[in-house]
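Visitor: If you're matching them up, the sequences are chains A and B in order. Using the UniProt record's numbering, the first residue of the first sequence is number 1, and each one after it goes up by one. Using the UniProt record's numbering, the first residue of the second sequence is number 1, and each one after it goes up by one.
Short, incomplete list of chain B residues facing chain A, as computed with Cβ under 8 Å:
1. 32
2. 36
3. 43
4. 259
5. 269
6. 270
Hints listed in this document are in silico derivations from the structure and should not be mistaken for laboratory results. C-beta atoms are modelled at their ideal positions from N, C-alpha and C, and glycine is treated no differently.
Here are the chains, one letter per residue:
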Amino acid sequence: MCDKTTEASLETQRVSPKATVEPSQYERKRVPGMCIKCKVIKPNVTIRRSLYCKACFVRTCVVKFRTALSRSRKNTTVPRTKLMVALSGGPSSSAMLNLMADFQRMELRGTEAQSRYEDIIAGHVDESVLFPDVQDSLISEIAISLSIECRITKLEDVFATNDEAPLFIKLVQSTLAPGALKDKICAHLVKTNDSISSKKRLQSLFSSLASATDREEMLDIIKTLLLIRLARKAECGVLLMGDSGTRIATKIVSLASRGRGFSLPFEVGAESSWFDNVVVYRPMRDFIMKEIAFFNMWTKQNSVVVPTFTTGAPKRASIGRLTESFVIGLDHDFSSTVSTICRTMQKLEPRKQALNSLPCLTCGMPVENDAQAWRSRLTVSKPLAVEAEPTIQSNGSNDVPSDEDGLVRADITDVVCYSCQNILTSAASGTTFPGATVDHFLKSKGPGDAKVDIVNAKQEALRKQIETFLLNDNE
Amino acid sequence: MPRQCEICNNARAILRRPKTGQRICNECFFYVFETEIHNTIVDNKLFKPGDRVGIGASGGKDSTVLAYVMKTLNNRYNYGLDLYLLSVDEGISGYRDDSLETVKRNKEQYGLPLLIVSYEQLYGWSMDSIVEAVGRKNNCTFCGVFRRQALDRGALMLDLDHIVTGHNADDVAETILMNLFRGDLPRLGRCTEIVTAGDGYIGRSKPFKYAYEKEIVMYAYLKHLDYFSTECTYSPNAYRGYAREFLKDLEFVRPSAILDIIHSGEAMQVASDVQLPTLAHCERCGYISSNALCKACILLEGLERGVPKLGIAKSARHAQELLANESAMKSAGKAVEPVHFELLRGKAQAMREQRQMKEQQQECHDCTATSCAFACDDDATGLCSSSKETRRCACADSNAETNAAAS
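Please model the complete structure; the sequences and the hints are all you need to start from.
Guide: Structure below.
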């Protein structure tokens, strides 16, 4: 483990060679065959065509992390708060926890004797309900070995009823000709009861999703959701996500491929204040996978293998898997692809509408207006006889057909983002989804611009519907 | 039992729709395909009645289907467009000469006027001679840059309002990905626009922006359209090849991916503090350019001077300075000075005025004088000042109407 003694020894190693080459300290010149930093020790690793020795490499990583973290902090005025480090146990998040622990130690050692962050807490989402092979004891050990408290939430907790998720979304297949594309997504908003365990519910959710791509997307959504909740519960105002540069590049491409361009800046940005009360930073964005691997090896940082739905599967198994193999392959052939994609992303900003739009019922990301109308104009599926005008109806009272079982259907099309519409339309009827923002959905928001008011009016109408029909789903 | 069409629930399904996976019949496929193009045209307000629209025709599947669909929709929905076929002859033997034969047949089949402009005629260099000078690598740069300009030149020769090209959804999605991979922000912002300004005078658009390549092929096949299909004999674009392969894989994993990528691309916004190049006009030929000299002029200069690599890859940075210093120097190359765009625009303007005058003459017969002085025609009525006076009293109403239509 990277404790204070190793840290200290690393620093002495760094200082001594530097002293001997004082004159050329500021020169950017490379000494052929020597480390690019100290220029006197034989290098151990090549990163982006630069050679580093062990000590200089570790030192560079530490500095890079600090810079990334303080850079993030500059732009937002977050009061002094606790900080949560999202820990999956994989190489990147383990390295991040290590670096964060080091950051905190340095701060405390400094002149101010008060760190920017009150406390560091590790937050872990236990996925053993889906992947029973992972040993969670190993993950909490990672935190314990760095003397950091680790809070764990289980994946199935997303189905536990609480204030943030009073109701769940139960999908209802709208009655359309078989095979025809749906232009509306209808659902019941239901309360869970204890007859079905959250565990079963979660498993049945994942088994009724149509493809591996959908399952991966859903897992990401739930994990983010749980981490945000965990951070709020632990009163952490800052959440660190351990997305490495390689991972961010992959994410950008796969999110774009799934139609998430609208929310992209929030989902991979260096910092995002989209979620209430929690600011998300991604300080590992300047590290590529190779750097993280070497950092972990040389600081003896433990990590575990975090399985996904498509681990070991052929590349066409899912969009995530395909993108990963593609980006890594492209980066191999064109060496700076990963950093180029990340830099491109940094220069994109969310659209103005995105900042004011409602959060998606399923994933919590901003919803575009008329996403479904856009789609149905471009995938016409009405026969010649019927006029092919889009018939997206408003949430009027006529729009609430009563089902045979007496439950009331709500049209949730306008409060689900484009990408989640993809998941919902292809999922089996009767699937229950955890809602990311059902609380938002139910609460009437404060006054906003006219557009928001219209949507709020719709929400209000919906809320009234469910008020009278507080449903039980054990039919 | 044969499967029924999932859209009309009537006829027998004969195909699985690539975009949605629905099993549908022939007629329904034609209907949805054409209607989606119509929706694209209407929703984006691509044309206005009376527009003269050129169809960029290569003889390949996309442009052949585009010409057919444009003609069909123009008749069906009364767009009121004058359609033209506009082809560029790059001078690639064994490829373009054959495909141009197809375009010539299309001209007869669809009854549309055709104009062919050639690199040889415009620049003095055919692609064959360029490849001879440049080699097999990088010659796509020349072809692409010259073609873009050649289309605009052709459009001005015909005095068109608009050019439509056969770029399909696959092309657009591929371009979005490619620009993302290599960090080309200005292009990332531009490539999702359905209408681009072109040279600032002629609009350009992609009615097939949301049409899947597979469906275009399917349409051409089922309609028995006459198109030419061969790869260009010169090397394909390697980097685009990566994006293309990736996109095909994505489409396999999730058929809606192509549409989803375009949706993403449209939603992305380049941050307001990122500096994007400003558009100006080329000093030499008057074409739209972000530098003092446009890319075509630089490439042409390189060819003329016998340094064909000028303006490609790394030398591109120095090319502007290099040319600014010694722009007067000319060697005895194949030397065809490209016609200045101002001249072309002037001619197009004159053609337009002549046409307007004819229309005016047909409208009211009071002014038959051919010596109408347009110089004093400051309110663009297409009439000389004397007949304007008489007209004003004679048929003020009809005049106002035609003016409104013309403007």
